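Peer 1: These are the residues of each chain, in order.
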Amino acid sequence: MTQTTSDTSTATTSWTGQSVPRIEDDRLLKANGEFGDDTPIHGLAYVHFVRSPYAHARITSIDVTGCDEIPGYVGCLLPDEAATLTNPFVELQPEPWSNEDDRCLASGGKVRYAGEPVVAVAGASREAARDAAAAVVIEYEQLDVLVDAKAAVADGAPVLHEAVGGNVGWHGAWDCGDIGFALEHADHVIEVDELHFHRFSATPLENSVITCEYDAGMDVFKFIGGCAMPQFTIFMIGAALGHSAERIHVVSKDFGGSFGVKIGMYVPATAVALLARKYRRPMRWVETRTEHHWMGGHANERTFLDVRMAIQNDGTVLGLEYRCLDDIGAYSRYEPLGGVIWSQVANACYQIKHLKVDYTTVYTNKGPVHPVRGYSRMQHLWVVERMMDIAAHKLGFDPVEFRLTNYIQPDQYPYTTVNGCVYDSGDLPQSLNKVLDLIDYDKMRALQAERRGTGRRIGIGIGSTLDSGTNNFGQARIINAYLPFAGNTEGGLVRMGQDGSIYAVTGGVAFGQGHETTSAQVIADMLGITPGEVFVHRGGDSSLSAQTGFSGSYASQFAVTGIGALINATKKLVDEIKTVGAAMLQAPKDDLVLEGGFVKVASDHERALPFAAIAGTVFFAPGALPDDVADEVNLVGRAVYRAPLALPDVDKKYGNLTLTYATQVHACVVEIDDETGETTLLAYAMVDDCGTPINPMIIEGQVQGATVHGIGAALFENFGYSPEGQLLGGNFYDYHAPTAYDLPTLRYGSVVSPSPFTPIGAKGMGEGGGAPQHTVCAAIQDALGADAGMVLDSHNPPERVLDLVNGQGAERVRVLR
Amino acid sequence: MNLSGEFTAAATPQALTGLLSDAGRLEGVGGLSSVSVSGADTLDCIFSPVTSLGRIPLRTTITTLSAAPDAAALRVVGVRGHQAVDADIALEFAPADSGTTVRWTADVVVRGGAASVGQRVWSELASRAIGDVLAAAASVA
Amino acid sequence: MTDTVSPDMANRDTGDGTASQGTAGNDVRARVRAAMTGPDVVAVTARVDGRQIEGQVPARRLLVHWLRDSGRRGPKVGCDSGNCGACTVQLDGRIVKSCMVLAVQADGADIRTAADLTEEDGGLNPLQQSFKDFHALQCGYCTSGMLMTAADFLASGEPVEEQPVRRALKGNICRCTGYENIVRAVMAAGGAAVVQPHGRGARIDADGTVADTRSDVDTEGSH
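Heads up: the protein sequence lines correspond to chains A, B and C, in order.
Numbering-wise, this note's numbering comes out as the position in the first sequence, counting from 1, plus 121.
Numbering-wise, this note's numbering comes out as the position in the second sequence, counting from 1, plus 1268.
Numbering-wise, this note's numbering comes out as the position in the third sequence, counting from 1, plus 14.
To be clear, the hints were calculated from the coordinates, so they are not data collected in a lab.
Fair warning: this is a prediction, and the values are worked out from it, not measured in the lab.
A virtual CB, placed ideally from N, CA and C, is assigned to each residue, including glycine.
Among the hints, erroneous ones may be present.
What the hints assert, rightly or not - So these bits of chain A aren't anywhere near chain B, every CB distance computed over 12 Å:
#1 ARG429
#2 PRO535
#3 ARG578
#4 ASP620
#5 PRO747
#6 ASP855
Claimed, not checked - One-sided and incomplete, this derived list gives chain C residues near chain A with beta-carbon spacing under 8 Å:
#7 ARG65
#8 GLY88
#9 GLY92
#10 CYS93
#11 CYS98
#12 THR132
#13 GLU133
#14 PHE145
#15 GLN152
#16 THR157
#17 SER158
#18 VAL174
#19 ARG189
#20 TYR193
#21 ASN195
#22 VAL197
Construct the entire structure; sequences and hints are all you get.
Peer 2: Here it is, written out as structure tokens:
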């Protein structure tokens, strides 16, 4: 691609699509970023939570008198106070499940998971808060503990939320096509008793940091800190505190990762707000790593039961059925949305015609689930991928041909799934062929044959996945018909300052995705300037009129919604610039172009005005403009982007649930040591297709990051619990986030299938659909072979792989026909 | 987690079991303070075991489940902030040349932050803490 | 430049709430204090990024907090346990995780944080520029620590090859990038030929500057 920059007055080719280095990098590289604990606040006090050491217990007494002896102790907030001062957090599920009583501190006189906050203590310093927290004495009466979803729904199980009446938090059933007929008549049926998608999280490197200032004069709460979904936060906190949304101000600056989990920050933020108001002092809570692992949000742990897949002799997969228990931990928070969000990718990557799913959300005494990168879709995608892989092995189909046969084919797009979702575009066969080239597939098959019987076996795995983006919030009605949500919008604002400089802000809140750069690229193209000349607001600020109800960075949507809103906003600004230019240059508006920071007459480039002249006139000399122009123009473009999504049919659970479906196909080569069970990645490659790229470098970076999250989950990361309900992965010793040394070179390729449904053909991406879990599991299975242990868990540390080498799981998989 | 240990005390078994209702003597035991008898079989105290991070005071309740000339059983619950330690301790007393040989076994459950963060080290800490305090207590009997 | 810390913060902090203040009055507190050695507040003087800093520092305060309280945003806390490396700084020429060092241990030391890596004119130094060129950062939270470790590696004389770089970086956790681009950036800064970012032939900066950064190795796997 070429780029002419020798003369700034010469039109540039498009910035969109170029791997422009990121605008946000300089400040971060120079340690000039402003993360949660960097923001200086005068008179700041610190909050420390006293948390339950018990997974399930009744609180019998709370004694805070010892705090008074601690120098610097400011005060505390007790559960009874929280119960008086707040309403229960809004629940998304219908009755009776909505009777869950979730507050910022332990509710109903009980604790329901180890690490649950019971008392919030404030001190004048970090140390004072901690010392005072340590002086709080809480007595508990232990209750029976549930750490297993199956046990939670068994008769006689202890109940977490008495008002709900049991441990089921939601239930829904899908029956698309006729799986009964398919299973009855298919040439082959594979049945698996149980598969388990384990508990882990994205564990962003910056834990949550929440600062709250309460302005008593204006009755305004201002929150500063990482908030990925500001309007949802305002909605939840506003309802809990009974406080006007316009008097809740949410500001995010630099933000050390969310990957979805920080959507749940409204819970501790509410306690911080109550303390700030009670003691009339700004309060900051800096979450510790262990606290984050306890309650910062886990990914949905899901147990799949009675899984059956129907397959024909020619390799065509007809469909599958399963029931599942989704272990959401002790509180539902964003759940049970996971109960419908999985169905965005009901077909996975395949032309299946029949699907039956019985989905039950289950409470256990574990940390609560929050949306985590690949939220709820990766679990379903994983079970489909495992079943495809198991079927290929058990029935003797070539693993590559089997996938190619069943993939949705390029000429079938837009493709309507069994539940009415419309996959927009893609080229899975090309993606698979590319990724196999990247791992030297034929050579690796030869290596595999060569190594057979040496005790260091080789396996090759393929994982095909989807990253559905731009939610149709109407799908929330499938979990609760009374929820008022429908569609999706995002806001954007682009304006010209008094000197002609350009400022832009959206409702999206970036935490590493490079939104400042991609936004600037697109705006620069429309205004005929360079991205460096566009000042894009960092993070988010709810006071800036750029937000809609669904604003934020989650669910792979910015490239569609955020960029779409900025495009619409920039169009308005361009129109105003041209209106002013036409008046000042005495030329028809249609004959004007924007180039190099000038508005020019297309037919006569000598007739031009710099943006500074346009801005200067509008700001300082409106009287020099014709009245109709001066009345109309303010050099602010504010617009929304509305995703074209209709309400789904709630009864039939049918409709398009997201606008775009990026695809990724991964492949890897593993080596397994038969003696230790250790899995080594010899090669890893991923091919991404997210439509028209805005910045290919950033896309590649997102794919690499999501890949390593998935590899970590597949091999290392696990939020295991002891039978007493104690988290066993409370820090980075016991919860091993991959390091550079754990990984092979990542090989990347891309395919571009523009989306026909989005403003510039781009699709949301970045979540990655859990592709590495699919891929690594398939590779381990491939190393084991067809008549051996069966990979039925998404987490495969050496001890499990050793069991697999010794045949574990083989008895749970049956070829019925 | 099951822990165990053994030491020899100068006192007789009777003197040892008698300690469980003698707050005054226990107050003199290193690591114990603010000892008070709060029920027929219950003692409250601050137990401050030595750790590599210094002495960490735990609000502790000791309940005597049984006490006989040759054996005793205690339930110990210690809490501090979001840490909790529960221990069921069984003591066996056998006459020795110069007093009593005390054998103890403890079923210890650590909860909260210590369970997650300290799982690699706490069994050693707990073992030492229990052994030290029992031996110290026996020395004042 | 000095900073002072009020003596009322002078309690030992064991990192996770297991601090030494008593639950049962002054006797416990006094005894706990006695069980620990040294005074609660200590005068500390250190040179940080070329400037002298003095302070009355609680004995239990971690170096990372002292540096951050004195306005240094480079060292960051990501794990509290020495695993993640976000707090990495140079202490008397050696890199340390400043959450594993007490401030009092740094008395008299010469400390360098990531804020001191830039060129004298405030521009990016070659390693920082390489991180930018190769998109070796996303959220930027690990970046300061990564830069300190990478700079130490490049000064070590170890061969600038993929495995030594990966080994050198293994004490620094990044949750965004998957490390691939960090490894490439460090290798490129050390003069090795590496794969260019996807879609990059000539580098076009956001300000419109074009620089040809094509290396000997062509973009792998791009279409």
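Peer 1: Decide, hint by hint, whether the structure agrees.
Peer 2: Evaluation of the provided hints:
1. For ARG429/A, the condition that its CB be more than 12 Å from all CB atoms of chain B holds, with the nearest at approximately 39 Å.
2. With a minimum CB-CB distance of about 48 Å to chain B, PRO535/A clears the 12 Å threshold, and the non-interface call stands.
3. With a cut of 12 Å on Cβ distances, ARG578/A stays outside the contact zone with chain B, its closest approach being about 32 Å.
4. Every beta carbon of chain B lies more than 12 Å from that of ASP620/A, the smallest distance being close to 54 Å; the non-interface claim holds.
5. The beta carbon of PRO747/A is kept farther than 12 Å from every beta carbon of chain B, the shortest such distance being approximately 69 Å.
6. Its beta-carbon lying about 7 Å from the closest one in chain B, ASP855/A breaks the requirement of being farther than 12 Å from that chain.
7. At about 15 Å, the closest approach between the beta carbon of ARG65/C and any beta carbon in chain A exceeds 8 Å, and the interface hint on this residue is violated.
8. A cut of 8 Å between beta carbons decides the hint on GLY88/C: the least distance to chain A is about 4 Å, and the hint holds.
9. The interface hint given for GLY92/C is met, as the beta carbon of that residue sits about 4 Å from the closest beta carbon of chain A, less than 8 Å.
10. Interface restraint check: CYS93/C against chain A, minimum CB-CB distance 4 Å, threshold 8 Å, status holds.
11. For CYS98/C, the interface hint holds, since its Cβ comes within 8 Å of a Cβ in chain A; the closest pair sits about 6 Å apart.
12. For THR132/C, the suggested interface contact is upheld, since its CB lies about 5 Å from the closest CB of chain A, less than 8 Å.
13. This hint is violated: GLU133/C has a C-beta 10 Å from the nearest C-beta of chain A, more than the 8 Å allowed.
14. Below 8 Å, beta-carbon pairs count as interface contacts, and PHE145/C has one with chain A at about 6 Å; its hint therefore holds.
15. Hint status for GLN152/C relative to chain A: holds, with the closest Cβ pair at about 3 Å, below 8 Å.
16. The interface hint given for THR157/C holds, since its Cβ lies 5 Å from the closest Cβ of chain A, which is under the 8 Å cut-off.
17. About 5 Å separates the beta-carbon of SER158/C from the nearest beta-carbon of chain A, less than 8 Å, and the hint is met.
18. Annotation: VAL174/C was flagged as interfacial toward chain A, and the flag is violated, the nearest CB pair being 14 Å apart, outside 8 Å.
19. Interface restraint check for ARG189/C: the shortest CB-CB distance to chain A comes to about 5 Å, inside 8 Å, so the restraint holds.
20. A distance limit of 8 Å between C-beta atoms decides the matter here; for TYR193/C the minimum to chain A is near 4 Å, and the interface restraint holds.
21. Interface hint at ASN195/C: satisfied, since its Cβ lies 6 Å from the closest Cβ of chain A, which is below the 8 Å cut-off.
22. Because the beta carbon of VAL197/C sits about 6 Å from the nearest beta carbon in chain A, less than 8 Å, this interface hint is met.
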